[in-house]
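Undergrad: The primary structure of each chain is shown beneath.
There are 2 protein chains.
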Amino acid sequence: MPLGFTGARLDRADQIRTDAAAFATAVADPRALCLVLDGIDFVPGECGGLRWEPLGDGDDRAPMLLGLDEAGVPHFVREPAPSQRIDARSRTVMRLLPLLSGEEAALYGGARSLVDWHARHRFCAVCGNPSALFRGGWGRKCDSCGSEHFPRVDPVVIMLAECGDRVLVGRQGGFPPGFFSALAGFVEPGESLEEAVARELFEEAGIRVSDVSYVASQPWPFPSSLMIGARAVTDDPALTLDTTEIEAAMWVDRAEVRAALAGDMGAPFMAPPPLAIARYLLEDWAG
Amino acid sequence: MPLGFTGARLDRADQIRTDAAAFATAVADPRALCLVLDGIDFVPGECGGLRWEPLGDGDDRAPMLLGLDEAGVPHFVREPAPSQRIDARSRTVMRLLPLLSGEEAALYGGARSLVDWHARHRFCAVCGNPSALFRGGWGRKCDSCGSEHFPRVDPVVIMLAECGDRVLVGRQGGFPPGFFSALAGFVEPGESLEEAVARELFEEAGIRVSDVSYVASQPWPFPSSLMIGARAVTDDPALTLDTTEIEAAMWVDRAEVRAALAGDMGAPFMAPPPLAIARYLLEDWAG
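Keeping their order, the protein sequence lines are chains A and B.
Under our numbering, the first residue of the first sequence is numbered 1, with each subsequent residue one higher.
Under our numbering, the first residue of the second sequence is numbered 1, with each subsequent residue one higher.
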């Protein structure tokens, strides 16, 4: 079972992004397709799946190259219009994701992150003047000061702390009632993944861990995180919660995790949804 | 042997960054220290090591909290002056790094990334108006549109492809003569670490890999990368180089890697320097 938002199969074709003539050829390809979006949400096709339309040329918004399929057909998404209002935090689209295959969800996730980044980076952070799209949509350049800017990917560590035969799950105030998940936090400048895992577990739960080990990763397009799943070990289960970050946390054993994953009514908590790496971490740990 | 730029021991004290009163108390602490920088380069102390001065209050530039030491002494670095010219790509400071302990190099690396980020993000990318420092220096806020911005950490995959008992090393045009390293590239929106490893190896060297496995990570402050080291396996050693990225690449066996790591004159290449995770990957592989 691949992780959520992984498995996109388009060739990103970086060599076309950086070659103006090759990019123009791709745009002019009569087979070229454009992903239909409503803001940054996808619009389901009539039979489910993503909706594509011929790229055509009746739109002022610049096409951005998502990649080529196995037949060489170029797939695009258009830059957001300046007037377009985008709420990057909205996750209403999550309800529609079951209409997509895993491959389509991955493709959509990357396109969503890209469109959202452009919508929030119309101006140059160095000098404040407007910037414009370049490299086939995979960057912006400032005509005023010459600075180049590239889409953000924000690494996040998400981890299960283990103590004996139990792992730590926690919940933020905004979670639906009963839901618990793995703790998580953004990696900061100046730290390794392993250091970020240790810092976050100490900050949020007051535990000191050792033996941090990598488990798996996934992109998370809300708006553009790279989730890096890990495990860590502690020998002291005493918790000191940072209640501004975590509303509650608890140690759970394998039987309890399995019950939660199975959706049992008697389980002590509700598990994260299928697309989330937190669920994968719990499944991986519970065996 | 810890990886380069890891091992900083200050408590980053996020709870102080987000609490104006606690932050003011830390700034007013008579023990508070400020890291002395020349642009974004450190200035060695008289006996080596980083140079610190009392934080004081005779400087218009806002202090940014690096963290607390074990005695609770707050350590700061000041935001860059608007007039300050910073060349984030300059690595002349690399020559001075042997003057620092590993812990100091890690602390400096994080401070350098933070200062550099502020210098290049004085304006709001959403609306183009000036933004101002908040959260104790760990973010900027736009008074005009209310957007919040946080320091970038750019995840980079760096990997050894294995084929039988050999691994792939390559060199970019800008490398010093004879130097080869692991291939590397930025993770893009919409892909996992494992997918980024496979994509980069195909783009740069034309090889298809499977079995991507994580090895280690390090922060890299030029300007603010998170290097994620991995291995991957291929059964076809045929190379197709993207010569815009890679000038040359070759498969090397364990004896050749060991000779390069030992600095032997007869080695077929010169190995990456001690602080780089590429060297760690080669050491780890060569056993």
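The reader is advised that the hints may include incorrect statements.
Repeated chains share a single entry, so a pair holds when one copy, or any two copies, can fit it.
Using 20 Å as the maximum straight-line C-alpha spacing, the simulated SDA-like pairs for lysine to any residue come out as follows [claimed, not checked]:
(1) Lys141 x Arg122
(2) Lys141 x Ser210
(3) Lys141 x Arg120
Derived by calculation from the structure, the hints in this document are not laboratory data.
Bear in mind the structure is a predicted one, so any value in this text is a computation, not a measurement.
Undergrad: Please go over all the hints and tell whether each is borne out by the structure.
TA: Against the structure, the hints come out as follows:
no.	hint	in the structure
1	Lys141 x Arg122	both (10 Å within a copy, 16 Å between copies)
2	Lys141 x Ser210	neither (43 Å within a copy, 35 Å between copies)
3	Lys141 x Arg120	both (14 Å within a copy, 14 Å between copies)
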